[in-house]
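*Asks:* Here is how the chains run, residue by residue.
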Amino acid sequence: MVKGFGGSTLRIDLSTGTVARAPLDPAFARAWLGGRGFVAKVIYDEVPRGADPLGPENRLVVTPGVLSGHFAPSGSKCCFGAVSPLSNGHGDSTVGGHFGPELKFAGYDLIVFTGIAPSPVYLFIDDDRVELRDASRYWGQGTMDAEKMFKEDLGEDFEIACIGPAGENLVTFACIGHDYGRQAGRCGIGAVMGSKRLKAIAVRGTRALAVHDLPALKKSTMEIIKRTAQHPNMAPWQKYGTAMFVGWSNEHGVYPTHNFQTTYFERFAGIDGQPLVDRLLVSNKACFGCWMNCGKYSKVLLPGREAVYVEGPEYETGSLCGGNCGFDQIEQVAYVNWLCDRAGIDTMTGGGMASFAMECYEKGLISREQLEGHEMRWGSIEDFEHWVDMLVHRRGIGDAFARGYAAAAAAIGGGAERLTCQVKGQGMSGYDGRGAPAMLLSYMTADIGAHHNRAWTITMDEDLGKNVIRGKAKVVVYLQHIRPFFDTVSCCRLFWGEVDVTAEEHIDALRMMTGWDDYTLDEAMRLSDRLWNLNRAHFLERNGGPGRRFDYPNARFYEEAVPSGPSEGARLTMDDLDVMLDEYYVARGWGKDGNPSREVLLDLGLDACVANLERAGLLGGLMEPLPPVRGERYKPKAF
Amino acid sequence: MTVLIKAGGMLTDYLKPDVDAFTRRVEGPDGATLRQLLESIGVPPGHVAMAFANGGLVTLGYTPRDGDVITLRPPVQGG
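Just so you know, the protein sequences line up as chains P and R, in that order. Under my numbering, think of the first position of the first sequence as 1, with each following residue one higher. Under my numbering, think of the first position of the second sequence as 1001, with each following residue one higher.
Simulated from the structure, these hints should not be mistaken for laboratory data. Misleading hints may appear alongside valid ones.
[Claimed, not checked] Counterexamples of contact, computed for chain R against chain P with all Cβ distances above 10 Å:
| id | residue |
| --- | --- |
| 1 | Ala1007 |
| 2 | Met1010 |
| 3 | Asp1013 |
| 4 | Phe1022 |
| 5 | Glu1027 |
| 6 | Pro1029 |
| 7 | Gly1031 |
| 8 | Ala1032 |
| 9 | Arg1035 |
| 10 | Ser1040 |
| 11 | His1047 |
| 12 | Met1050 |
| 13 | Ala1053 |
| 14 | Arg1065 |
| 15 | Val1076 |
[Stated by the list, open to error] Not the full set, but computed from the structure, chain P residues with beta-carbon under 10 Å of chain R:
| id | residue |
| --- | --- |
| 16 | Arg133 |
| 17 | Met234 |
| 18 | Trp237 |
| 19 | Phe245 |
[To be verified] According to the in silico footprint, chain R covers these stretches of chain P (three or more CB under 8 Å from chain R):
| id | region |
| --- | --- |
| 20 | 238 to 244 |
| 21 | 435 to 448 |
Think of the CB as a built atom: it goes at the ideal place given N, C-alpha and C, for glycine as much as any other residue.
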């Protein structure tokens, strides 16, 4: 067994109720590390290309990575993955908290679910004891209520990951909840879990993880703890978390407002981090092994409603469920956050979808009659709450929204497509790319659709010029390799991004755990490159090509100028997007059509992708010689 | 007026610390705003998401006083 890992894998066929256990293959572990690495490899190899993401052949993959569960910089994460019902391509989403470490303590690095259970079940894991159990008692419960019930029934020391009614009813942007308010939010993995009638996974693990060089790991981690405790970012981060960036994002003209119609929200002061801390905060909250404890646990009191508790709002919720939906009070944003969490809806695509519905209502594209006599006004809690109910229970027009942006736009008609702020079906994160072109390129090219965590570029956009199109693609590629690395090894990216724990220090920890003394950051970056190309090939094999045609956002982002705020007048054209894409494809070693080339795939050892893409006529031709290193680290002007 | 300015992350590259790994001693004219002070030493104010004076949240329009400890927080990089 490779040290650092739990040592075992589980294969669970929900159709037959069979559970198969096998040891983790050391070669597989070294090649793919875990987290999104395991997900990408499993679903590429096993899910038939024509399979419905919500059908029995899709895989639901649950996997903590190698750093998860260790005394190292916040090894707290667990990755949930599948073919996404939003993009029909690779999907993965990670959640912090305690679930991933607990799974490792029980001895498991990978669980793969196939099939569909005849009736609702949950997976019970108590170290070696693994059982599928009846979940009819929990079915229909919201995520926090279900988690509470599981803990009451099984014990507080079980960690729970579960879906809510949205996942049960196959809302394509349903999430998986854990720890009363954390989510594996993106890519609709909760819908895949619901399609399998798997309500939850409950796990208790009591084993210690084997570590190759425990004294060295302890010494290194203690030094990191002491150093980061003095870091100037630590105290502000602990106090405000991510919520304070509403104001910053607004002042920089990238804050999505009224379904990305503009990028400045005049009434932002009521939903910034300060009112959260002043009016809602109950306590800070930490993930496993974390000394940053940036989570914000909040109590929300809205007039005429019972008090509710929610973790957050984080920045993304504060933008997409904030000014983007016209809410100008932090209590409203937090309440909407709670509504989505309870139902098991991703607040990002959910907030974006709600704002899309609001703009459709504003423009007369959907009627009060379609909304069962209700309206869908900016900043209305009542309207939002009713819309969520229609969505989750798939009533009327709610069913169209539940199926995703393309289905909703088709059902609504009247040119609603141009109002769908997404790429590849994934709703945009909380930054408008017209004031930051590289951020838009990041959305356009991300393997899971328009998500910010693959490459966040806004300060670089500011440094090089908010109107500058050229010269940024290589940096986007670099970020798309370094940032997902943390999702592969399953630790929190914030220690790298906010308090200067280097990627090399994470590799040091990996070596100390596993004994892979020759493992380097170069090998990890090469794995990131391999994963990116594998996921691109997978997407093309499932959706056809050329890849370029999937890489454009909706027309708002290349036809409309920003009408107000600091980015007023900012406008990108289709030519601008094409220039960025051309540079990006060159930097990756892809063809002008956006398809990976034979050269880059062979260089990365993805021979199977070459054969599959060649058979489908989807291999790209190199535009320029293959770059030996894909991506370029950006150095600020000060260097 | 002399103040200590602390910053980490990407702001460190602009700040060029000289006291310790995160801190730079900065002298400026009395009455200058924090924004003016930062511009004078090459720290782009646009890259400062939050600023604190002696632990209290301030805006870039704040007028630092002699002996202040100013902490700068860059925008979120990892989220």
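*Asks:* Hint by hint, note whether the structure agrees.
*Replies:* How the hints compare with the structure:
no., hint, result
1, Ala1007, "violated, 6 Å"
2, Met1010, "violated, 6 Å"
3, Asp1013, "violated, 4 Å"
4, Phe1022, "violated, 5 Å"
5, Glu1027, "holds, 20 Å"
6, Pro1029, "holds, 23 Å"
7, Gly1031, "holds, 24 Å"
8, Ala1032, "holds, 21 Å"
9, Arg1035, "holds, 12 Å"
10, Ser1040, "holds, 14 Å"
11, His1047, "violated, 5 Å"
12, Met1050, "violated, 6 Å"
13, Ala1053, "holds, 12 Å"
14, Arg1065, "holds, 19 Å"
15, Val1076, "violated, 5 Å"
16, Arg133, "violated, 36 Å"
17, Met234, "holds, 8 Å"
18, Trp237, "holds, 7 Å"
19, Phe245, "holds, 5 Å"
20, 238 to 244, "holds (count 3)"
21, 435 to 448, "violated (count 0)"
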